[in-house]
Amino acid sequence: EAGVTQFPSHSVIEKGQTVTLRCDPISGHDNLYWYRRVMGKEIKFLLHFVKESKQDESGMPNNRFLAERTGGTYSTLKVQPAELEDSGVYFCASSQASGGVRNNEQFFGPGTRLTVL
Amino acid sequence: AQSVSQHNHHVILSEAASLELGCNYSYGGTVNLFWYVQYPGQHLQLLLKYFSGDPLVKGIKGFEAEFIKSKFSFNLRKPSVQWSDTAEYFCAVNAGRGSTLGRLYFGRGTQLTVWP
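Line order of the protein sequences matches chains A and B. Using my numbering, the first residue of the first sequence is number 9, and each one after it goes up by one. Using my numbering, the first residue of the second sequence is number -19, and each one after it goes up by one.
Mixed in with the good hints, there may be bad ones.
Stated by the list, open to error - Calculated cross-link-like contacts (lysine to aspartate or glutamate; reagent style EDC-like; alpha-carbon spacing at most 16 Å):
1) A:23 - A:38
2) A:62 - A:38
3) A:49 - B:68
4) B:29 - A:60
5) A:49 - A:76
In case anyone wonders, no lab produced these hints; they're calculated from the structure.
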């Protein structure tokens, strides 16, 4: 079974540009999460999809970030326009729906390292 | 707001030494607790988890953790570390309700370096 995949693995862009990150969850996982780790700090929650619906987007830092999950499969996270403080590693995770979302292990992808110059 | 504290940012040990990594959280209600590990160049993966029952939980690779509710702690232990345990370790807590039920709160991580 394939794990969570993320693309690209690295992205280097200039301030003001747009970047789109992609996450493919484990097949059949209804829950999809985005997290971010800024260098030296904790991994912080950004948002949670249940299928194609945003269950919790309270962690999104501002309106320059837009996440979508059309069709309830893969998800994209777009940053437009990017700022220097957006640099970090963006992780995606997915989990099953059964048993209650709180009790399900989240499986993480390898992350996308974003550098904004 | 909920927070998770990991007391050690970098721990350096020799092989066969014992390990204990501290984790404290701030939420007073029902919590689910996790330790994740990220080996160099690899994904975050689950080491162990606590949902309920026996507060001493055993995970993969000889790791265990003890949930002490009165201390809001979930410390990770291993009696004898190996060079292959070199990795970054993250404590995480799920303490949400309602719409925030799924989110994990992470500590800053502890980098463990084991010298052969």
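Against the structure, the hints come out as follows:
no.	hint	result
1	A:23 - A:38	violated, 34 Å
2	A:62 - A:38	holds, 11 Å
3	A:49 - B:68	holds, 13 Å
4	B:29 - A:60	violated, 28 Å
5	A:49 - A:76	violated, 26 Å
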